[in-house]
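Student: Taken in sequence, the protein lines are chains A and B. Going by the numbering used here, the first residue of the first sequence is number 1, and it counts up by one from there. Going by the numbering used here, the first residue of the second sequence is number 1, and it counts up by one from there.
Just so you know, the hints here were simulated from the structure itself, not pulled from any lab data. Please note: incorrect hints may appear among the correct ones.
Derived pair list, reagent style DSBU-like, types lysine-lysine, alpha-carbon separation capped at 30 Å [claimed, not checked]:
no. : chain 1 : residue 1 : chain 2 : residue 2
1   : A       : 55        : A       : 100
2   : B       : 208       : B       : 224
3   : A       : 208       : A       : 55
4   : A       : 187       : B       : 100
5   : B       : 187       : A       : 208
6   : B       : 100       : A       : 100
7   : A       : 148       : B       : 208
8   : B       : 208       : B       : 148
9   : A       : 100       : B       : 148
Reference listing, derived: stretches of chain B covered by chain A, where coverage requires no fewer than 3 residues with Cβ under 8 Å from a Cβ of chain A [as the list claims (entries may be wrong)]:
no. : region
10  : 86-99
11  : 169-176
12  : 179-189
13  : 218-230
All values reported here derive from a predicted model rather than from experimental measurement. Quick reminder that beta carbons are idealized off the backbone N, C-alpha and C, glycines included.
Each chain, written out:
2 protein chains.
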Amino acid sequence: MCITTLGRDFGPIKLSNALKGAQAVKTGSDNHPRAADVIVAAIAARIASGELPDKHPLPAERDLMQEFGASRTVIREAISALSNRGLVESRPRYRPIVRKPDYETVLHATGDVVRHLLADSGGVRNLYRSRIFIERALVREAATAAQKPEIELLREALRLNELAIPDSNEFYRTDIQFHGVLYRMPKNPIFPAVHQGYTSWLAPHWEKMLRSPERNQVNYRAHKSIFDAIIDRDPEAADEALTNHLNAAWEYVRVTFELDE
Amino acid sequence: MCITTLGRDFGPIKLSNALKGAQAVKTGSDNHPRAADVIVAAIAARIASGELPDKHPLPAERDLMQEFGASRTVIREAISALSNRGLVESRPRYRPIVRKPDYETVLHATGDVVRHLLADSGGVRNLYRSRIFIERALVREAATAAQKPEIELLREALRLNELAIPDSNEFYRTDIQFHGVLYRMPKNPIFPAVHQGYTSWLAPHWEKMLRSPERNQVNYRAHKSIFDAIIDRDPEAADEALTNHLNAAWEYVRVTFELDE
DNA sequence: TCCCTCATTTTGGTATGACCAAACTTAGAA
DNA sequence: TTCTAAGTTTGGTCATACCAAAATGAGGGA
Numbered sequence: 001m002c003i004t005t006l007g008r009d010f011g012p013i014k015l016s017n018a019l020k021g022a023q024a025v026k027t028g029s030d031n032h033p034r035a036a037d038v039i040v041a042a043i044a045a046r047i048a049s050g051e052l053p054d055k056h057p058l059p060a061e062r063d064l065m066q067e068f069g070a071s072r073t074v075i076r077e078a079i080s081a082l083s084n085r086g087l088v089e090s091r092p093r094y095r096p097i098v099r100k101p102d103y104e105t106v107l108h109a110t111g112d113v114v115r116h117l118l119a120d121s122g123g124v125r126n127l128y129r130s131r132i133f134i135e136r137a138l139v140r141e142a143a144t145a146a147q148k149p150e151i152e153l154l155r156e157a158l159r160l161n162e163l164a165i166p167d168s169n170e171f172y173r174t175d176i177q178f179h180g181v182l183y184r185m186p187k188n189p190i191f192p193a194v195h196q197g198y199t200s201w202l203a204p205h206w207e208k209m210l211r212s213p214e215r216n217q218v219n220y221r222a223h224k225s226i227f228d229a230i231i232d233r234d235p236e237a238a239d240e241a242l243t244n245h246l247n248a249a250w251e252y253v254r255v256t257f258e259l260d261e
Numbered sequence: 001m002c003i004t005t006l007g008r009d010f011g012p013i014k015l016s017n018a019l020k021g022a023q024a025v026k027t028g029s030d031n032h033p034r035a036a037d038v039i040v041a042a043i044a045a046r047i048a049s050g051e052l053p054d055k056h057p058l059p060a061e062r063d064l065m066q067e068f069g070a071s072r073t074v075i076r077e078a079i080s081a082l083s084n085r086g087l088v089e090s091r092p093r094y095r096p097i098v099r100k101p102d103y104e105t106v107l108h109a110t111g112d113v114v115r116h117l118l119a120d121s122g123g124v125r126n127l128y129r130s131r132i133f134i135e136r137a138l139v140r141e142a143a144t145a146a147q148k149p150e151i152e153l154l155r156e157a158l159r160l161n162e163l164a165i166p167d168s169n170e171f172y173r174t175d176i177q178f179h180g181v182l183y184r185m186p187k188n189p190i191f192p193a194v195h196q197g198y199t200s201w202l203a204p205h206w207e208k209m210l211r212s213p214e215r216n217q218v219n220y221r222a223h224k225s226i227f228d229a230i231i232d233r234d235p236e237a238a239d240e241a242l243t244n245h246l247n248a249a250w251e252y253v254r255v256t257f258e259l260d261e
């Protein structure tokens, strides 16, 4: 049992200043001598080196505190930081899972902040405009340099999209897939990650939109004309088709949400 | 004074299961009934609403614990989370400063993870390739639709770049500025943020590279040909000039660091 | 023998309370 | 009035404790 005074610790104790400056040679960073940071760095290094393999659980907090000679408070703070940075994935009562970062992780970690940025309509608009910008470049590239296998992937995605016209949910899914093929064409893992970012960040707006086989039909035709322009090796036409398609979609969202511009 | 047993708390207590499920109606989220999350959300909301204005300090931890009726542990965890997400900026011993997120904040918050991704040469290459991809689209856009004021900005940046040829450090800076004008042209805050991401992430590689007035001269001429193509309204030429410029730069880095491909 | 159930042990989530040192505030000296 | 020193917050850290859910293991039924 523990018998203590109930008072808080607002009583200052004045025997300080004796051995000042001897505490933190740890971080090296000028302005961040936090103990947790060292641990974050150490664990991050282990993850990077593969010593803590992907998908494996982190050691127990109580083990870590022994290992690093730190209090549980600090360990938890470190784990929290790792989690927020996306290096580990921590569900509420489970062992945090190591997650070697990939570009999707980065996007995922930022998701929250981005959602904040989208609070005002201008944010959504900017994000969407950037998406148009990227995709225009993607279809141009596709029209210029797409190889047969990629074309076939796109054709297949288009076919599935057509089949899904009657089912709006399925159409939504295949729609994303179709655009996803575009993002995979440059064979650069960054682009699919960006695509996932776009779809997940814009999803709240898109999903609330009313859908219908008629709308789906319109969108499918847009996809088809993009595809046709690509196999025709006509970047200008592809660019224009894509631009029209996405602008029309934006217009639809704009009206639905009664945004300003 | 406090008289306690020295043993840790590994003694399990077995009178559980009685009032289970009565702890956390708070978060609403299925899998994250963490107390800290509620507080994070609450504070984040205040920041978004402007109740906690940008650049103002957060309330003291001890005040927050009263306000939310939570322990200091939880408050700290919440603040740590906010900090990692870039919503507040916390220097070691100072009051955390509220920081309304912008796109640069997002990039900044991810910086660490991205640096991890760049550990292997493939990461750098992918990032750089994505940069080429974006900038190609940017110069195309510029050549197609740039207005006079923007052209003048670009001209000025080019002029400063030329003046800086003898001074490699200055040249490096004006080089970045020149490209920066390109990123600002679409009038979308996302692009400058991306540009900053590129420059800061790639900086470790670029800065170590040996520079010389001769190299600067080459790069300046590349910038000039890009600029010329833009004022000629020739997207193809601009695209090609930019591609050559960045590929040459990559080649230079590749050789310097003896990367694989 | 194998699967399911239940008791036991770990382990994450949270709360207290305490102490230090650096930042902040303020009152008094120059 | 300005500078300085004392006093007061306040962030960083530690140690301890308890709860409840997850993980584990032992025993019983199919």
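Student: May I ask which of the numbered hints given earlier this structure violates, with the numbers listed in increasing order?
Tutor: Violated hints (numbers, rising): 3, 4, 7, 8, 9, 11, 13; every other hint is consistent with the structure.
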